[in-house]
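Using the sequences and the hints, build the whole thing.
Residue numbers (the working numbering), protein chains in the order written: chain A, 1 to 348; chain B, 1 to 348; chain C, 1 to 348.
Not one of these hints is a red herring.
In the BS3-like style, the derived pairs of lysine-lysine whose C-alpha atoms are separated by at most 27 Å in a straight line are: (1) B/Lys296 / C/Lys316; (2) A/Lys266 / C/Lys197; (3) B/Lys311 / A/Lys316; (4) A/Lys45 / A/Lys316.
By construction, these hints were calculated from the structure, which means they are not laboratory data.
Chain by chain, the residues run as shown.
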Amino acid sequence: MNRTLDEVAKLIGGRVVGDGSVVLTGVSGIREALPGHLTFLSNPKYARYLGTTRASAVIVDGSLGEIDTTGPTPLLVTDNAYAAFARAMELLVEREEHRPSGIDPSAHVAPTASLGSGVGIGPHAVVLDRAEIGDRSVIHPGAYIGARVRIGCDCVVQANAVIKSPTVLGDRVVVHAGSIIGTDGFGFAREGAEQLKVPQLGNVVVEDDVEIGANVCIARATVGTTRIGRGTKIDNLVQIAHNVVIGDGSIVVAQVGICGSAEIGKRVVLAGQAGIGGHLEIGDDAVVGAQAGVTKSVPPGEQVSGYPARKHALSKRLNACIQALPALLGKVRELEKRLSKLEKEGEC
Amino acid sequence: MNRTLDEVAKLIGGRVVGDGSVVLTGVSGIREALPGHLTFLSNPKYARYLGTTRASAVIVDGSLGEIDTTGPTPLLVTDNAYAAFARAMELLVEREEHRPSGIDPSAHVAPTASLGSGVGIGPHAVVLDRAEIGDRSVIHPGAYIGARVRIGCDCVVQANAVIKSPTVLGDRVVVHAGSIIGTDGFGFAREGAEQLKVPQLGNVVVEDDVEIGANVCIARATVGTTRIGRGTKIDNLVQIAHNVVIGDGSIVVAQVGICGSAEIGKRVVLAGQAGIGGHLEIGDDAVVGAQAGVTKSVPPGEQVSGYPARKHALSKRLNACIQALPALLGKVRELEKRLSKLEKEGEC
Amino acid sequence: MNRTLDEVAKLIGGRVVGDGSVVLTGVSGIREALPGHLTFLSNPKYARYLGTTRASAVIVDGSLGEIDTTGPTPLLVTDNAYAAFARAMELLVEREEHRPSGIDPSAHVAPTASLGSGVGIGPHAVVLDRAEIGDRSVIHPGAYIGARVRIGCDCVVQANAVIKSPTVLGDRVVVHAGSIIGTDGFGFAREGAEQLKVPQLGNVVVEDDVEIGANVCIARATVGTTRIGRGTKIDNLVQIAHNVVIGDGSIVVAQVGICGSAEIGKRVVLAGQAGIGGHLEIGDDAVVGAQAGVTKSVPPGEQVSGYPARKHALSKRLNACIQALPALLGKVRELEKRLSKLEKEGEC
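In structure tokens form, the structure reads like this:
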């Protein structure tokens with residue numbers, strides 16, 4: 001799918017600087033790019049490669065003010081280089097993806113299951129009683145769709161993922177391989193030395209356009225609903241406990257853990273390995289730093305980090321103070337000596 | 001399964017305050033409850049909802065001394081509201097659970113495997129040579145039972161879980177979807193730049209009444225046994241390394257990691273994302289806080305938190321001290337100025 | 001496979017101290033050992049068991065200078081007791097391992113897939129179009145091999161693992177159960193409140209002799225390659241993001257998370273639950289402590305720990321300073337009192 005830079009610019013927007021007639025045959029990273037490739041620059045850290053890249057054209061972020069536009073490589077200047085690159089990839093790269101079409105004869109599909117038109121079900125997949133799968137959705141090999149699960153249109157459930165009863169997926173939801181949606185919440189009531197299991201009877205609702213990474217676990221609610229809001233994106237190996245609610249358009253990075261009944265707002269970012277305590281509220285547009293341990297609710301728009309999580313600016317300041325501790329201890333020892341000397345002189 | 005509050009009280013215990021003839025038709029959380037619902041209150045944080053809930057009755061914990069028992073909503077006062085709610089759920093909610101009955105024709109069951117009476121094996125499950133599965137145990141679709149694995153009675157192995165040779169599960173053990181029990185321990189002996197694999201030849205023994213969450217990994221011992229004690233409950237995405245021993249009735253919350261040969265006592269609580277170092281001992285009834293990094297053994301009954309994990313009270317005190325560091329640095333600077341002034345005066 | 005200690009010494013090296021004619025029938029840990037067993041001692045913490053073990057012989061590490069060689073138990077003194085024990089296990093223990101031989105009739109193997117000689121494919125495994133599997137490699141039950149995946153010789157893919165298109169595995173690679181290799185990288189470009197998916201078109205290359213634990217996730221590159229270097233060993237539940245590169249012979253312990261485009265050197269050790277930030281470089285032979293949060297690149301050979309990760313010696317010193325904070329606060333209060341007293345005296 002070769003195209004000139006001018007053609008790409010016309011389709012995805014942006015301003016061409018330099019020779020727009022250059023032919024683009026593929027995409028790659030700025031360091032690995034070869035002639036014919038389109039690449040991009042949005043992280044200032046990589047600006048130094050702009051002069052040496054072998055790419056035939058570079059999408060650059062207009063916000064990177066200091067970009068040298070006088071070099072030999074043609075540029076495509078845009079507001080959002082990463083998004084523009086994503087669109088250019090769709091134009092320049094032919095994707096060869098395996099997609100089950102039709103129902104593989106080895107799949108187990110209950111006669112009471114209801115399948116929309118154009119549904120694909122791969123080898124050894126399992127679809128149980130009264131499950132509903134919407135038009136054009138695809139269930140990859142070895143995946144499990146529990147009884148009464150409802151899956152919308154244009155969804156993708158990857159290999160060996162498990163969608164348990166009675167989960168509901170909206171439209172255009174992607175569940176990557178090995179993820180378990182709708183497993184029992186971790187609810188036990190201690191009675192003396194014994195742990196009594198609290199039945200887990202609620203469900204999981206995953207709204208439209210959510211993407212869920214690989215080997216994620218999302219627990220069904222004890223009663224009610226564990227809800228993942230529209231357009232939220234979840235990375236690999238994330239744990240989402242029972243009765244958690246996540247708003248629309250949030251980002252949950254790999255290995256985050258969210259305890260039971262926490263409420264995460266809209267457009268929140270939870271960075272990698274962060275932990276959110278039970279019953280807390282994380283306000284809209286809040287940002288929780290990597291590995292942060294959140295023990296109190298976070299107001300909308302606030303950025304927190306560290307353990308226990310504090311406002312990010314305070315965390316940074318406290319870290320600087322900790323770094324200064326050896327000097328502080330020395331200083332206090334010195335002051336005490338000087339003070340003792342003064343005290344002795346006073347006694348004379 | 002409608003029942004009056006009086007009937008529920010008779011079956012699960014507790015003291016009715018208000019109209020015991022109210023008919024209960026379901027259960028839910030205190031905020032979401034509708035007329036006809038039974039709900040519960042055990043976390044004082046939610047006490048404010050007692051006056052506004054639409055529930056027809058509320059199970060309350062007798063330990064919450066300040067509860068207003070004069071409101072219009074009938075109450076069921078018990079010693080342990082969460083446990084009572086768990087029992088009430090069993091009474092009021094009809095559970096519709098998919099359970100494979102019989103051996104699905106698509107399952108692969110080795111002729112040498114031994115199956116008890118009433119065993120259910122779902123589509124595409126795999127049971128290998130000489131595996132033994134006790135009466136009424138259920139192997140869900142896509143699960144794998146390795147050669148010579150022994151599974152007791154009334155166990156549940158959920159979809160796509162993997163129980164590898166030569167694991168032993170007791171009775172009433174539940175393994176949720178995607179978990180891997182009996183995978184090789186991570187044992188390599190470094191020889192120069194190469195890593196020599198140490199054969200992993202031991203097993204995993206999971207005792208009666210253990211519940212293991214989704215996508216958990218439990219490694220077989222190098223030699224000997226990795227053991228999970230009776231009644232211990234393990235949440236999702238937990239890592240348990242080779243030769244770990246966990247005592248009876250412990251709670252291991254999501255994403256905890258336990259390094260090789262650690263010994264965890266009875267009734268221990270390991271909160272979410274905590275890490276336990278190799279060869280350490282965590283005494284009976286100890287509590288390890290969320291995200292704690294345990295680098296030394298913990299005596300019985302002790303509560304630890306933070307990194308490196310310290311006694312919880314000390315951790316909290318040190319956190320308060322850290323919070324006070326900016327003020328302390330200012331104070332020391334001030335003291336030095338005052339001291340210098342005194343020193344100068346003395347010189348005069 | 002009984003052998004005398006002398007025979008074992010001849011085959012694996014080392015110096016026998018005591019009766020080399022003792023017959024060894026098995027192996028075990030130093031505390032659990034029974035007569036007939038060979039055990040080993042490389043961790044000085046366990047030296048106290050040398051006098052009481054019931055083992056018939058003990059492999060000891062020559063580096064443990066203080067070992068008592070005058071006891072009744074025969075010893076085998078070696079340079080590397082753990083490696084010697086690994087070799088002795090191979091000699092003394094007969095392994096009974098299930099290994100699919102031939103193609104199970106229930107496996108789904110695409111007619112265009114290419115299988116080497118001696119390949120074993122277990123029940124319900126799936127091998128898609130144009131996948132290539134080298135000689136003597138084994139695909140266990142329920143595993144998924146995507147279209148055009150290339151797997152070398154003598155590889156093992158355990159039950160329910162998922163190798164997605166277009167991953168490349170070298171020779172003698174082991175992928176344990178439930179791991180997902182080649183899942184989409186987590187790439188989204190934010191446009192207002194929406195997240196635009198960045199196509200993930202690169203691959204994963206796993207070089208020879210790599211071992212990957214259970215329930216691991218390795219993401220394919222956005223463009224280019226996510227690469228795991230020769231002989232690197234990865235534990236369970238590890239997250240490796242898109243475009244990460246790991247050098248040869250590194251060790252990645254359980255639950256580690258590595259963010260996108262990080263470059264990990266050769267012979268690096270990343271201890272359990274550590275997190276490595278995106279685009280960072282971890283130099284050859286560096287060691288990252290358990291739960292460390294690495295926010296800056298780490299030079300070759302350096303040892304770091306804590307959050308944010310600092311040189312290990314500094315981290316330890318800062319921890320000691322933190323531990324001393326309550327005393328420091330008291331000391332500063334005392335100094336202020338003494339200073340105020342002096343100031344008052346000066347005023348008189």
